[in-house]
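Asks: This is what each chain is made of:
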Amino acid sequence: MTIRTRLTLWYAGILTLSLLIIGFGTYREIDERLRHEHRREPEEHAIAETSEMVFQVGLPAIVLGLLGGWWLTRRALSPVVGLTEAIRKIHERNLREPLSRTQNGDELDRLTEVFNGLLARLDDSFNRTREFTLHASHELKTPLTILCGETETTLHDESLSAAERERAASLLDELRRLARIVDGLTLLAKADSGQVALKLDSVRLDELVRDSFADLQILAEPQQIGVELAVCEEVIVSADRHRLRQLLLNLADNAVKYNQPQGRVTMSLRRSGDTAEFTVANTGPGIPPEILSRVFDRFFRGDPAHSSAVEGCGLGLSIVQWIVSAHRGNVKIDSALGGITTVTVRLPVQN
Amino acid sequence: MRVLVVEDERKTASFVRKALQTEGFAVDVCGNGDDALAAVRTTPFDVVVLDIMLPGRDGLSVLRQLRERKNTMPVLLLSARGEVNERVEGLNAGADDYLPKPFELAELVARVRALTRRSGENRSTILRVADLALDTVSHRAQRGGAQIELTAREYRLLEFLMREAGRICGRMMILEKVWDYDFDPGTNLVDVYIRRLRDKIDTNFEPKLLHTVRGTGYVLRESP
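Going line by line, the protein sequences match chains A and B. Under this note's numbering, think of the first position of the first sequence as 16, with each following residue one higher. Under this note's numbering, think of the first position of the second sequence as 82, with each following residue one higher.
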């Protein structure tokens, strides 16, 4: 029940109660007067006169009061409706834009002021987290460069035994994995704070899809996974070629990594109206519904037992999501446990 | 061949110097931008390896200054920021190549070497390594008189390796030149392609030409 209805009902109750008290008082007054005038059957006359008054004056007064109350609460609460709409539009990225205030100093204006203060504090806190990630990934790069360089130098030391060389090589592999994670973090932290500019060109998406399908064939071969390019319609999008390549390769790679032996991967690119729709479907083990909404989260690993066997930096799908939204598109993932998992990317077609 | 390394981080400067010296380059090291500008004024270096983050005058500013003076010395930019925009910014400022940190030493050496190469080298349309021949016009490969069928990507990979014959090629460099990727995809794409190429050009022939350099990359040459 809305505050407005509740207030109106209370108001109606109070008016009715007042009317009853007034009616009772009037009845007593009339009754006494009639008795004083020694009328016959004074009670009946009193009731008749009272109810006449109540119906002719009291009821219209109540109706008028109710309408007035309804109008009054609506007026009083209308800024709240506006406020609700404004708050509904707030998300993580527009915290910097404060809600507009009436400046009349009333309770709701003060509430808006306090709320804007809360937004500013939240924005600060988000910014600090972003900056922290950005600085942390920068700071990690210098020691990582030194570690990689020194390890690589060690690897080429002729006096090393085969076992030592193997250890150094394995160390170097892990260092490079770490470097990829740091790269991914830097990219996402920069994207979060709007520091990555896309280099937009007219791009033949179908050509990029064919290229990445060729890569998919190669990636799938060692695991005997069958691949198919079901449809590949000609589509031109306004996009950053390198980021789209990264997006497509990431999805192709995932479709192979999270698949069953002798499974299948099917790619398709269709144009429907103003939208290019690219899908990658695989016969993977499927993603349980409870974690489906979290697969785009950074460093999210669904099944620890499965993912430990799969190498990756844990940021692939987060990067995919960023690339898609930076191109004003959307990405979704559908999955049936034990069935087909499909990733669908929609991008606006260039006119 | 003489290389100037402009890098303020002592350890990084040290192993970069060592790696380049091992490959036969004479190496000078500068710790800041002003020293670098002074050094290039007096010495004709073949390549400058320039870090972007330097104390005082940064690498991009050094590079712009250099180009304003009409100095065409090849410059390889290094950057810890390693981000796409910066690559574009660096190349626009007049850099000849760009390498994000952390980089692979073999990669760095290969790029420096590529920058020192005189244009006109390898102009022939037929590339040869031992008895392997690649026709860059008809895109046909032959070894020991036998035709080898290549897909478009395999051709580009082989052409790149043959042009760089005898030099170690890092994975990132291969991804960049053959795939046009400016990011590290973290997949084993290159390794798988190399394996396929090896099946085609090496399996039935001796000596083996395509070698893996553990932890660094690949090289096409006669001796292992």
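Rather than coming from a laboratory, the hints here were simulated on the basis of the structure. Treat each hint with caution, since some may be false.
[Unchecked claim] Simulated DEER-style distance windows between Cβ atoms:
#, chain 1, residue 1, chain 2, residue 2, range
1, B, I207, A, E222, 24 to 34 Å
2, A, D172, B, G105, 14 to 24 Å
3, A, A184, B, L172, 51 to 61 Å
4, B, R295, A, L193, 14 to 24 Å
5, B, K92, A, F147, 39 to 49 Å
[Said to hold, decoys possible] Pairs of lysine-lysine, DSSO-like flavour, derived with a Cα cap of 27 Å:
#, chain 1, residue 1, chain 2, residue 2
6, A, K272, A, K347
7, B, K258, A, K214
8, A, K272, B, K258
9, A, K347, A, K104
C-beta: ideal position from N, C-alpha, C; glycine also.
Asks: Against each hint, give a clear statement of whether it holds in the structure.
Replies: Hints versus structure:
no.	hint	verdict
1	B:I207 x A:E222: 24 to 34 Å	holds (29 Å)
2	A:D172 x B:G105: 14 to 24 Å	holds (18 Å)
3	A:A184 x B:L172: 51 to 61 Å	violated (32 Å)
4	B:R295 x A:L193: 14 to 24 Å	holds (19 Å)
5	B:K92 x A:F147: 39 to 49 Å	violated (26 Å)
6	A:K272 x A:K347	holds (19 Å)
7	B:K258 x A:K214	holds (19 Å)
8	A:K272 x B:K258	holds (25 Å)
9	A:K347 x A:K104	holds (22 Å)
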